[in-house]
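J.: Below, each chain spelled out in residue letters.
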Amino acid sequence: MISTYNAGLFAEIGILILGALSVYVILSTGQLSLGNAGFMGIGAYQTSFLTVEAGLPITLALLVSAIGCAALGFLVGFPALRLRGIYLAIATLGFGEMVRSLFLNLDRLGGAGGYHGMKSISGVYIWSWTLGILVAIMLLERSRLWLEFRAVHDDETAAGLVGLNATAIKVGAFGLGAGIAGIAGGLFAHHYLYIEPGNFGFERSIEFVLAAILGGSTVAPGAVVGAGLLVLLPEWLRFLADWRLAAFGALLVLMLLIRRQGILDRTTFSRLGLRRRAA
Amino acid sequence: MNGADPLLRLSGVTKHFGGIIALANVSCSVPRGRIVGVIGPNGAGKTTVFNIITGAYSATAGTVMLDGQPIQDLKPHQIARRGIARTFQNIRLFASMTVWDHLLVAQPHRGSALRLALPASWADPDALQQAEKVLVFFGLEAHRDRLAKSLPYGIQRKVEIARAVTAGPKLLLLDEPVAGMNEQESDDLRDLLFRLNRDGLSVLLIEHDMPFVMQVCDYLYVFDFGAVIAEGHPDLVRRNPVVLDAYLGQEG
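If you read the sequences in order, they're chains A and B.
Just so you know, we're using my numbering here: the first sequence kicks off at 1 and counts up by one.
Just so you know, we're using my numbering here: the second sequence kicks off at 1001 and counts up by one.
Treat the hints with caution; some may be incorrect.
Partner residues are not named here, just some residues of chain A that face chain B (Cβ under 7 Å, in silico) [stated by the list, open to error]:
1. 139
2. 142
3. 151
4. 154
5. 155
6. 161
7. 164
These stretches of chain B come out as covered by chain A in the derived footprint (C-beta under 8 Å, 3 or more residues) [to be verified]:
8. 1072 to 1084
9. 1094 to 1104
10. 1114 to 1124
11. 1163 to 1174
The hints are simulated quantities; they were obtained by calculation from the structure and are not laboratory data.
Computed from a predicted structure; not experimentally measured.
Even glycine gets a Cβ: it sits at the ideal position worked out from N, Cα and C.
Working from the sequences, and respecting the hints, build out all of it.
T.: In structure tokens, the structure reads:
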């Protein structure tokens, strides 16, 4: 049996992978979102409301919340189309903070006092979602739709001129990413059994981006490696006592200096693929 | 050219950039099944014409008709799906993609959205078949899984044209296709163009390489200062004193 503590880390990694995947999908079209914790927060509150107040089973509540978040992602995606690069990042960051303060002022959902009453879910349940979504994205990566995402990422103008609707692709990716973040939120709420607006602030969005980029932002399994490292590295560094967070930061910087593309990239994958074929 | 029912017809197309007149009342057309050339000095407005046809720029005035339908108000991706594909003066390939990816991504959608979102190898055999056909046609089999941008220049040009052709266009716009190519590559491209043309593809091309233009084009438009200053069969255009003065004379 694994200890409660390790089970907690296990669940935390599963949720962070989903957060990183939500950033990854949007990033694959060349858009950086720093507001995915906002979608996660909406997913968390919405799912909790549906299970606690409406009595919906958790799986159904998660699906409804994912659709709700995706729809909201489309809406946020449209104004975001006018912005690129750093400006888009700042706008999405603004969206995330807006959501946080919205929940702070929503007394019906507990306001600053937070919301509770959810029933606990198991780590295995969390990981079923994580693996299901991971596999779905890995299948999507082999589709023509994903090539269209990458075309928009590489050269939006040329993509338009070969017949791709860059607007639809970018908004679609935003919606998909928001939906995944919403599921991460619903799972988070039912794992910790108590949520407050502070759970879904700017730091959480940064954590998602960090996991996606650290693990490798050109392949979906990069999110797994990135999330795993972000959760486990500070644990492994415990022997450094007070210095562990500083050492953690230094390791991150070092890692990005050595491998800017992240730990996994497409080349690693094709090499692994070749070896397997040769074996 | 005043043939009946051309594939593409531009009428009175004008384009202003602020106070600068890039194109002034340009009318020209591409008949079905022909290879038409656009020549002229740098800054004459040749690429601007391409950008207006493909919707990258909107014209200040005038109309662009494809198959008798106005297309000047459509978005670039809609125009591409109506059957106009193009290449660029400075090659624009997708940096993260292999040659094979390029041949898949430019194809129009067939069937349901699900078909598009599932792995192409299960869900979309037609797309694979089309990509394979174009790969072989262009003789790119050996480069299939290479990153397109890592290939030699002449091959990158070929990949860009192959990407345009894989969409199954009616009209292909080529912006200086043989620029930077050696003689062998340029001859290969000429033969490819003839084969594509024989299969029914119409072509409009901008080119500075006069021997190439003379060999492949059925008809020429000569641009200078944003206007058509001469047009006609390449042999006639070559002897036109206005053209010699404005353009060809500079080279000779």
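J.: Each of the hints needs a verdict: does it hold here or not?
T.: Each hint, compared with the structure:
{"no.": "1", "hint": "139", "verdict": "holds, 6 Å"}
{"no.": "2", "hint": "142", "verdict": "holds, 4 Å"}
{"no.": "3", "hint": "151", "verdict": "holds, 5 Å"}
{"no.": "4", "hint": "154", "verdict": "holds, 4 Å"}
{"no.": "5", "hint": "155", "verdict": "holds, 6 Å"}
{"no.": "6", "hint": "161", "verdict": "holds, 5 Å"}
{"no.": "7", "hint": "164", "verdict": "holds, 6 Å"}
{"no.": "8", "hint": "1072 to 1084", "verdict": "holds (count 5)"}
{"no.": "9", "hint": "1094 to 1104", "verdict": "holds (count 6)"}
{"no.": "10", "hint": "1114 to 1124", "verdict": "holds (count 8)"}
{"no.": "11", "hint": "1163 to 1174", "verdict": "holds (count 3)"}
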